[in-house]
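Engineer: Okay, here's what each chain looks like letter by letter:
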Amino acid sequence: MYTLALRLLGDGESARDVLHDAMLKVFQRIATFRGESPFWGWLRQIALNEALMRLRQHDRAESSGEIDAFVDDAPGPWAHADAGTLERALARLPALTRSVLWLYHVEGYSHPEIAGLVGKSVSFSKSQVARGTQRLREIIDPPSGTVSCLIATAN
Amino acid sequence: MSDRNRQLNRAPWDLAEALRALPLQAPDHSAWPELAEKLSLESGVQDHESKRSARIRRFVVPAALAAALACVFLVAYHARDSRPPVAGAATATVSPLAASSSLNSAKVDNVHNAPSRAEQLAALQQRSQALESWLQETGSAAMPLQGQDLAAATEIENLIGLVDVELSAPRELPDANLWQRRVALLEDLSALRYSYQLAAGGRVTAASMTN
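One line per chain: the protein sequences are P and A, in this order.
Take 1 as the starting number for the first sequence in our numbering and just add one per residue.
Take 1001 as the starting number for the second sequence in our numbering and just add one per residue.
None of these hints come from the bench; they were simulated from the model.
For every residue, glycine included, the Cβ atom is placed at its ideal position computed from N, Cα and C.
Please note: incorrect hints may appear among the correct ones.
Stated by the list, open to error - Simulated restraints, written as ranges between beta carbons of each label pair:
#1 P:Arg29 with A:Asp1175: 14 to 22 Å
#2 A:Arg1117 with P:Gln134: 20 to 28 Å
#3 P:Gly41 with A:Glu1034: 39 to 47 Å
#4 A:Gln1136 with P:His58: 20 to 28 Å
#5 P:Gly12 with A:Ala1169: 34 to 42 Å
#6 P:Pro143 with A:Ser1195: 44 to 52 Å
#7 A:Glu1042 with P:Pro75: 49 to 57 Å
Please construct the entire structure, taking both the sequences and the accompanying hints into account.
Structural biologist: Shown next, in the form of structure tokens:
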């Protein structure tokens, strides 16, 4: 739950708040759960809703364009990047883009489902996946002639 | 998660695999102490309220009942003393036989007119689907909810999620009560979205609200 919130919000403190609020809700409503089905699904859904609520609250500050759905089919540099590099690159994406990317690739939601969750259109979800992927590619393996901030920081 | 396993989702560059392989994260300090404190505070409030309601049940309710009985007795006693005799007073009452027969016929009508369990369930599922479609249609075009409305909507969505989890459990017969609950929650969510859009000056089609 914490990892999910952290990936969506990109901020440890906010993720902790989400964990706190989600667990509080779970304890408050535990009596309504009849135990006939997997509990973790419900738990995860509550955490996701809490994180998305915070994301939507901060959504106005972010761009919500539905363009640039550019898809690069070339093998990604994440294949040979270590976890730390990928995490740092992920953290540099805008929160909404990172969330859509995470929901699509890791949580397994479809574009229509993501559109419903974030309150945007299906094409928005698609463009965010394409844009986020391209941006990750550029951050991890910058085009020649530019200096990556990650490399610059490491040096 | 319908197209999770489709080839389309399996990106040729395998970003999904790389993201899934990232290690799990944990907060730098445990969230449990704050949570436990909050929960104990809440349970303290609940204890206080339950003690208060127990006290009410034990003393206040019997006292109120006794006072009400005394009042009824006094009023009846005074009314009996002051009431002028009425010649046709008995005509206002309904004979037990007539009352009984009318009650029985009403019961029979109800039996004939009551929808079957399957019909009720189908109606609930249809209503649920209509509400969900309306929410999806308006959701993408409508203004995003803010503040308390957003919190309330999230609350309702969580409860709907809980009902969905319960509904997904294998059982012999579908649970009409759960479907009833789902429809009620969807109606709450629709009402919230509708009132928010009205307040914000947005245009919402109310046609499906009345379906």
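Engineer: Would you mind marking each hint as holding or not holding in the structure?
Structural biologist: Hint-by-hint comparison with the structure:
no.: 1; hint: P:Arg29 with A:Asp1175: 14 to 22 Å; result: holds, 18 Å
no.: 2; hint: A:Arg1117 with P:Gln134: 20 to 28 Å; result: violated, 54 Å
no.: 3; hint: P:Gly41 with A:Glu1034: 39 to 47 Å; result: violated, 25 Å
no.: 4; hint: A:Gln1136 with P:His58: 20 to 28 Å; result: holds, 24 Å
no.: 5; hint: P:Gly12 with A:Ala1169: 34 to 42 Å; result: holds, 35 Å
no.: 6; hint: P:Pro143 with A:Ser1195: 44 to 52 Å; result: holds, 50 Å
no.: 7; hint: A:Glu1042 with P:Pro75: 49 to 57 Å; result: holds, 52 Å
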